[in-house]
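Residue numbers (the working numbering), protein chains in the order written: chain A, 1 to 253; chain B, 1001 to 1253.
None of these hints come from the bench; they were simulated from the model.
Take the hints with a grain of salt, since some may be wrong.
Listed next, the in silico BS3-like pairs over lysine-lysine satisfying Cα-Cα at most 27 Å (straight line) [as the list claims (entries may be wrong)]:
| # | chain 1 | residue 1 | chain 2 | residue 2 |
| --- | --- | --- | --- | --- |
| 1 | B | 1010 | B | 1132 |
| 2 | A | 59 | B | 1010 |
| 3 | A | 59 | B | 1111 |
| 4 | A | 6 | B | 1010 |
| 5 | B | 1059 | B | 1132 |
| 6 | B | 1117 | B | 1006 |
| 7 | A | 41 | B | 1010 |
| 8 | A | 6 | A | 111 |
| 9 | B | 1006 | A | 132 |
| 10 | A | 10 | B | 1059 |
2 protein chains.
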Amino acid sequence: MKNDRKRTVKSADNLFGVLETVHELDGAGATTVADHLGIAKSTAHDHLSTLVEHEYLIKDGSTYRVGLKCLHFGVQAKNRIELADVARPSLEQMADETGEIAWLMVEEYGKGVYLEKAMGDRAVQPYGELGKRVPLQNIASGKAILAHLPDDRVREIAVTHPPTPRTEKTITDVDELLEELATVRERGYALNDGETFEGFRAVGSPIVSDGTVLGSIAVSGPENRFRGDRFTKEIPEIVTGAANAIELSLASR
Amino acid sequence: MKNDRKRTVKSADNLFGVLETVHELDGAGATTVADHLGIAKSTAHDHLSTLVEHEYLIKDGSTYRVGLKCLHFGVQAKNRIELADVARPSLEQMADETGEIAWLMVEEYGKGVYLEKAMGDRAVQPYGELGKRVPLQNIASGKAILAHLPDDRVREIAVTHPPTPRTEKTITDVDELLEELATVRERGYALNDGETFEGFRAVGSPIVSDGTVLGSIAVSGPENRFRGDRFTKEIPEIVTGAANAIELSLASR
DNA sequence: AGCTGTATTCGGTAGCTCCGAACAACCTTT
DNA sequence: AAAGGTTGTTCGGAGCTACCGAATACAGCT
């Protein structure tokens, strides 16, 4: 009934809950955290103190903030991903050629993680941030990745991480999604037409090696610079070209 | 006697212990972790499972590795530090002018954290990595920071985080350290003459604003390129110049 | 001074953590 | 292919602790 859950350390729920709350709110006090998690103030306080003692949080007056300790963990994980190194020059080239922002994304636990970015000279940044974890289904780079995962995994992800419908264009139906993914697979790139933010578009392409998808790259920008041939031909060509270049560099090592 | 420790969540010791062990060993299994921490295999296993459930670790066959979840936490903490943004151009300029590596460091919990780096065209990287936490006393950037902290705080740090003597030049005596810090304060920059690695030198300068030290910048490289006037005049001038530029940009916002 | 929101302390018990020992899975070795 | 070694994993239970609630201590208002 309720105890089919694995044998885990229960206090970790609260411990990480507190840490993640402080992160989410970008700094918070004991009461705020307690309310946010529905636990007693005193419990929140115990956990906050614990996290300070272990140097994961910093106490700034009476608000707590996340410290830098996690940075090294994340960087280590990122450094292990060969793709991040290899993709860097291609990302910069894409940013240069288009003037927009270029992103590198990988999948982890059914979510997309932004690993690298390169800013073009006209780049605006309305969404996304290094390390941010986002649903895969309603963004170009996410769909590029999903297109190369088995159907049942896609369904699983769609169920466990339903996207918050942000605009009326957000895809919510799984079958509709799978259909679009087939198209993506066929033509080699994915589009985001205002599904995340109104007036915001993107083109993404997967990085595939030995039949498995390692991640994806994408270029995004405002709709007025992403229309007509530029949206359906020029930029897709740049992005798929860059993806191919990355795949080649990966193969030759 | 032993219970003057604050009221904290005890299982966090093991939980973070396990996480940090996996990080330190760059991937490990249950037995390795258990031995490393001196706890029961089963306990290590429970905690590893817990960390996987919370998506902080990734299970790769039978070894566990740190995942990307922490990346966002660290990036948030870093983004909050205005200095990181402001220093970037100056770091790149230093790297260009010297051809070596330029670093930005801040202090947290008595340790130095590498926040940014810029690579010159001859740069070699023998030490340090983004987010890495190192003792402050035996590196140029660390001493630059310490020089602007109150003496008793320096003593406290020296006691709680004694540096592992890596070469015979490593300073271990606190009074000797304080004396050197006075010199640093006076001339405006700190030196590292093979104290961390044999044959490796560095020049560092603090970033001070309103009388408090926010962090430091440094340039490091092999001894054969860091000698004579270049080590005692040229590079110090570049570094202190860059530090001043950063302090000015910080003041005008 | 009073009031209203915070953070923080602390006693006590329901419930969890941790160990040890058994089991399982996977290898080398013979 | 069986034996032996190494690892990961499961599970019962004793002892400790995480959690709540109530009390207390601040801090900033009016």
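Pair hint residue 1117 of chain B and residue 1006 of chain B, alpha-carbon separation not exceeding 27 Å = Judged against 27 Å, a Cα distance of about 37 Å means the pair is violated.
Is the Cα-Cα distance between residue 1010 of chain B and residue 1132 of chain B 27 Å or less?
-> Status holds; Cα separation ~26 Å.
Would the pair residue 59 of chain A and residue 1111 of chain B pass a check requiring their Cα atoms to be no farther apart than 27 Å?
-> Holds, at roughly 16 Å.
Agreement of residue 1006 of chain B and residue 132 of chain A with the hint, judged by alpha carbon distance not exceeding 27 Å | Violated: residue 1006 of chain B and residue 132 of chain A sit about 33 Å apart, past 27 Å.
Take the C-alpha atoms of residue 10 of chain A and residue 1059 of chain B, compute the straight-line distance between them, and say whether it is at most 27 Å.
-> Holds - the C-alpha atoms of residue 1059 of chain B and residue 10 of chain A are around 20 Å apart, at most 27 Å.
Given the proposed pairing of residue 6 of chain A with residue 1010 of chain B, does the C-alpha separation stay at or below 27 Å?
-> Holds: residue 6 of chain A and residue 1010 of chain B sit about 21 Å apart, inside 27 Å.
Assess, step by step, whether the Cα of residue 59 of chain A is no farther than 27 Å from the Cα of residue 1010 of chain B, and give holds or violated.
-> Since the Cα atoms of residue 59 of chain A and residue 1010 of chain B sit roughly 20 Å apart, the hinted pair holds (cutoff 27 Å).
Regarding the pair residue 41 of chain A and residue 1010 of chain B, is the alpha-carbon distance no greater than 27 Å?
-> At roughly 18 Å apart (the allowed maximum being 27 Å), residue 1010 of chain B and residue 41 of chain A satisfy the hint.
Measure nothing beyond the straight line between the CA atoms of residue 1059 of chain B and residue 1132 of chain B; if it is 27 Å or shorter, mark the hint as holding.
-> Given pair residue 1059 of chain B, residue 1132 of chain B holds - Cα atoms ~24 Å apart, limit 27 Å.
Under the criterion that the straight-line Cα-Cα distance not exceed 27 Å, is the pair residue 6 of chain A, residue 111 of chain A satisfied?
-> holds, 22 Å
The structure fails hints 6 and 9 (numbered hints given earlier, in ascending order).
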